[in-house]
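Undergrad: As a plain string of letters, each chain reads:
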Amino acid sequence: DTAVSQTPKYLVTQMGNDKSIKCEQNLGHDTMYWYKQDSKKFLKIMFSYNNKELIINETVPNRFSPKSPDKAHLNLHINSLELGDSAVYFCASSQAPGLENEQFFGPGTRLTVL
Amino acid sequence: AQSVAQPEDQVNVAEGNPLTVKCTYSVSGNPYLFWYVQYPNRGLQFLLKYITGDNLVKGSYGFEAEFNKSQTSFHLKKPSALVSDSALYFCAVRQWSTSGTYKYIFGTGTRLKVLA
Chain Y
1 DTAVSQTPKY LVTQMGNDKS IKCEQNLGHD TMYWYKQDSK KFLKIMFSYN NKELIINETV
61 PNRFSPKSPD KAHLNLHINS LELGDSAVYF CASSQAPGLE NEQFFGPGTR LTVL
Chain S
1001 AQSVAQPEDQ VNVAEGNPLT VKCTYSVSGN PYLFWYVQYP NRGLQFLLKY ITGDNLVKGS
1061 YGFEAEFNKS QTSFHLKKPS ALVSDSALYF CAVRQWSTSG TYKYIFGTGT RLKVLA
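As given, the protein sequences belong to chains Y and S, one line each in that order.
Per the numbering used here, residue 1 is the first one in the first sequence, and the count goes up by one each step.
Per the numbering used here, residue 1001 is the first one in the second sequence, and the count goes up by one each step.
Hints were generated in silico from the structure; no laboratory data involved.
Below 30 Å or equal to it, Euclidean Cα-Cα: the simulated DSS-like pairs (lysine-lysine) are:
(1) Y:Lys-71 - Y:Lys-9
(2) Y:Lys-52 - Y:Lys-36
(3) Y:Lys-41 - S:Lys-1058
(4) Y:Lys-19 - Y:Lys-36
(5) Y:Lys-40 - S:Lys-1022
(6) S:Lys-1113 - Y:Lys-36
Partner residues aside, some chain Y positions facing chain S, computed with beta carbon under 10 Å:
(7) Val-4
(8) Gln-6
(9) Tyr-33
(10) Lys-41
(11) Leu-43
(12) Ile-56
(13) Glu-58
(14) Val-88
(15) Phe-90
(16) Phe-104
(17) Gly-106
(18) Pro-107
(19) Gly-108
(20) Arg-110
Each residue gets a CB set at the ideal place from its N, CA and C atoms; glycine is no exception.
Please put together the full structure from these sequences, using the hints given.
TA: What follows is the structure, given as structure tokens:
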């Protein structure tokens, strides 16, 4: 059984479009995250939710809006896509936000903006 | 500011030889340090962590890491490398976020290539 799943795996779209990436975890974890990995493999946190509440919001453009309908799901909606949004986006989860426990990562969504 | 550094972009090692992937950190207070591995087209997988206790931490797939407070290092090691260990390795440190909770700061990653 997949622990952290993301859909879609690949997303190719035009500049200016709006797109969503979905994430689900079946680990019973309270905390979920979105990360962005750029073409040089640098990995940076974007958002974190704990029990459906936003707890980390890094300096991410307002075009990015996370939504957590329940603690097993954390979706990422992106408005007015730009070329620079092209990256691999990873969802992750952990038992608690304190990071005493490790994070479990999804397989990633490769977003290409043309 | 708290940070981690991985000074080597790539490490090459022959199969069967010991391997070391380096990580140094800069934190205030006690560090929480982690190693993750990323195989091609996959998400990151947890290998091991240092929170407190023994300086030598054992993790998954035969990996271990040594916490050295005086040298502010947390190098990843394995006594005998396998070709299947070839991957991208990330060191991470826990940092207090301005949002009022903890987050990871990741190093830039080290690509390990094990040659048959």
